[in-house]
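Chemist: Work the whole structure out from these sequences, hints included.
Chains A and B are the protein sequences, given in the same order. Residues 305 to 592 (this note's numbering) make up the first sequence, in order. Residues 305 to 592 (this note's numbering) make up the second sequence, in order.
In short, the hints are calculated from the structure, not lab data. Since we're looking at a predicted model, the values are computed, not measured. Misleading hints may appear alongside valid ones.
A pair counts as met if it fits within one copy or between any two copies, since identical chains are not told apart.
Claimed, not checked - The calculated DMTMM-like cross-link candidates involving lysine to aspartate or glutamate, where the alpha carbons are at most 25 angstroms apart (straight line), are: (1) K308 with D364; (2) K408 with E344; (3) K499 with D551; (4) K308 with E342; (5) K329 with E430; (6) K564 with E522; (7) K461 with D503; (8) K454 with E378; (9) K357 with E534; (10) K461 with E522; (11) K506 with E534.
There are 2 protein chains.
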Amino acid sequence: MMKKIGFIGLGIMGKPMAKNLLNAKFPLYFYTRRPETETEFVEAGAIACSSPKELASMVDVMITMVPTTHDVEEVIFGKNGIVHTATPGSIVIDMSTISASATKKFAEKLAQHQIDMLDAPVSGGEQGAINGSLSIMVGGKEEVLSKVKKIFSAMGKQIVHIGDHGAGQTAKACNQIIIAETIIAVDEALRLAKKSGVDPAKVREALLGGFAASRVLEVHGKRMLDGNYEPGFKASLHRKDMHLALDEAHHAGVYIPAAKYAMQCIDQLVMKGHSNLDSSAIHLLTEE
Amino acid sequence: MMKKIGFIGLGIMGKPMAKNLLNAKFPLYFYTRRPETETEFVEAGAIACSSPKELASMVDVMITMVPTTHDVEEVIFGKNGIVHTATPGSIVIDMSTISASATKKFAEKLAQHQIDMLDAPVSGGEQGAINGSLSIMVGGKEEVLSKVKKIFSAMGKQIVHIGDHGAGQTAKACNQIIIAETIIAVDEALRLAKKSGVDPAKVREALLGGFAASRVLEVHGKRMLDGNYEPGFKASLHRKDMHLALDEAHHAGVYIPAAKYAMQCIDQLVMKGHSNLDSSAIHLLTEE
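Modeler: The following block contains the structure:
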């Protein structure tokens with residue numbers, strides 16, 4: 305029998321992910337505070353619950369896709385949290401991007417209630433969520449992952465078991481700093497071309513054929529050339545994720561100065577009021 | 305009739321590039337100071353010349369693939385240089401990585417002798433040179449490029465006309481700073497993973513499926529995981545190219561702080577005696 309899934313966090317990413325679960329015929333329960341989202345999902349065949357607590361009593365697997373570490377804590381351990389009613393043997397999958405160290409603590413506390421946890425943050429953006437082509441980075445026990453692999457397959461293409469609890473979040477932190485630093489690299493290169501009187505579009509085209517090639521040069525480089533910073537991935541969210549990564553690096557004692565510089569650029573972008581633009585809009589800062 | 309080509313600079317890159325011209329049946333003349341290289345190419349069917357000057361009197365197209373801006377100047381304008389005997393209408397193709405501004409001056413001076421010039425630096429490394437799969441970034445007149453396209457096709461796969469004289473070198477500078485900065489990004493991410501107790505190999509694998517994907521994460525990331533820094537691209541050469549890029553940025557008034565930080569790391573690597581390692585060996589510096 306197919307596992308009953310409870311979904312909490314029907315935002316920009318969560319909505320299309322939950323839709324893909326419905327399309328794959330999983331029985332879907334959900335909790336939302338937005339009436340229009342409730343109507344939309346009930347009409348699509350899902351079952352509305354009045355709280356995470358109520359939802360947890362009805363399902364085998366709970367997926368959380370919320371903005372912050374605090375939100376995850378509230379949904380799991382708060383007054384109306386999952387933990388109060390979830391049945392032993394059920395599984396919490398947190399697909400949010402949150403603190404790796406907090407994730408380890410949450411997993412420990414849930415284990416005391418015989419509830420398993422996986423951290424499973426994603427990469428691929430809204431488009432990847434819609435297409436069901438997300439890359440999913442999983443932390444937690446491999447045998448737990450094997451129980452929910454079909455669920456992941458409905459939402460993503462590449463599913464990698466990174467390691468123990470928190471390892472998925474660490475991988476996501478690595479992902480976010482590489483993207484930020486590569487955006488900086490592409491930004492600097494395109495400005496060097498332009499100021500030298502050379503067509504940056506031609507440079508991008510040529511460089512995509514060599515060792516400088518990257519998804520960022522392809523996608524974000526195009527955004528910079530077009531001056532089109534519709535997200536994509538909002539600067540405010542990239543800033544949040546970079547903060548998590550820098551915090552983790554601080555506690556682990558890792559020296560990552562280039563990531564810190566990238567964070568400064570994203571900070572500046574947000575402080576100038578561009579938090580809703582794609583983070584590649586840092587190209588604007590130095591162009592001005 | 306096929307154009308007669310003169311090749312100067314049969315080093316690590318030049319040798320396989322010239323071999324590919326021979327394989328494509330171009331009549332090949334060459335100048336080298338190394339007796340063993342002379343024997344090798346004579347046996348392969350090429351014709352040895354005693355100086356660039358002698359070589360230039362016998363061919364339609366001269367290719368230079370030498371280490372520095374000064375070497376190119378010497379080969380073209382020196383006492384035994386190309387310029388003294390090259391016939392009007394002949395073409396100099398400089399495939400070295402040198403200064404964009406010097407390239408513009410060289411092209412101007414050659415034009416006074418009715419000699420056309422193209423700057424055509426490459427990306428793809430020794431392996432790309434051997435496979436004939438180089439990416440070639442061309443500066444100069446498009447009609448001159450069209451006359452030698454077959455020559456480029458024997459050595460490379462992606463041939464992009466970037467713009468006027470020097471534009472190829474500017475594109476190459478952009479290429480080198482992106483590679484250096486992406487190496488830094490991958491280095492920081494893999495160290496963050498490791499110090500957080502997470503398998504960096506798993507992180508690389510997962511990240512190759514998302515927006516953090518790049519040729520550098522693939523190739524140089526693998527080198528870092530294996531601790532195998534056989535070049536690839538030697539730190540000493542990357543340092544030379546970064547110096548050219550920073551010099552160009554300085555004169556154009558472009559703000560590229562992350563490229564400068566990457567240069568510091570490559571500097572450090574070289575100063576510690578690792579100039580013959582691949583430039584991704586900067587991973588060693590911070591691992592120690």
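Chemist: If a hint holds in the structure, say so; if it does not, say that too.
Modeler: Evaluation of the provided hints:
1. K308 with D364: For K308 and D364, only the intra-copy Cα distance (5 angstroms) is at most 25 angstroms; the inter-copy one is 75 angstroms.
2. K408 with E344: So K408 and E344 fail the 25 angstroms test inside a copy (34 angstroms) and across (63 angstroms) alike.
3. K499 with D551: Between copies only: 13 angstroms across, 36 angstroms inside.
4. K308 with E342: within (18 angstroms within a copy, 75 angstroms between copies)
5. K329 with E430: within (21 angstroms within a copy, 52 angstroms between copies)
6. K564 with E522: Cα proximity of K564 and E522: in one copy and across copies (24 angstroms, 23 angstroms).
7. K461 with D503: between (36 angstroms within a copy, 21 angstroms between copies)
8. K454 with E378: Neither: 27 angstroms inside a chain and 66 angstroms across chains, both beyond 25 angstroms.
9. K357 with E534: Intra 37 angstroms, inter 57 angstroms, cutoff 25 angstroms: neither.
10. K461 with E522: Both. Shortest intra-copy (20 angstroms) and inter-copy (19 angstroms) distances satisfy the 25 angstroms Cα cut-off.
11. K506 with E534: within (23 angstroms within a copy, 32 angstroms between copies)
Of the numbered hints stated above, those contradicted by the structure are hints 2, 8, 9, listed in ascending order.
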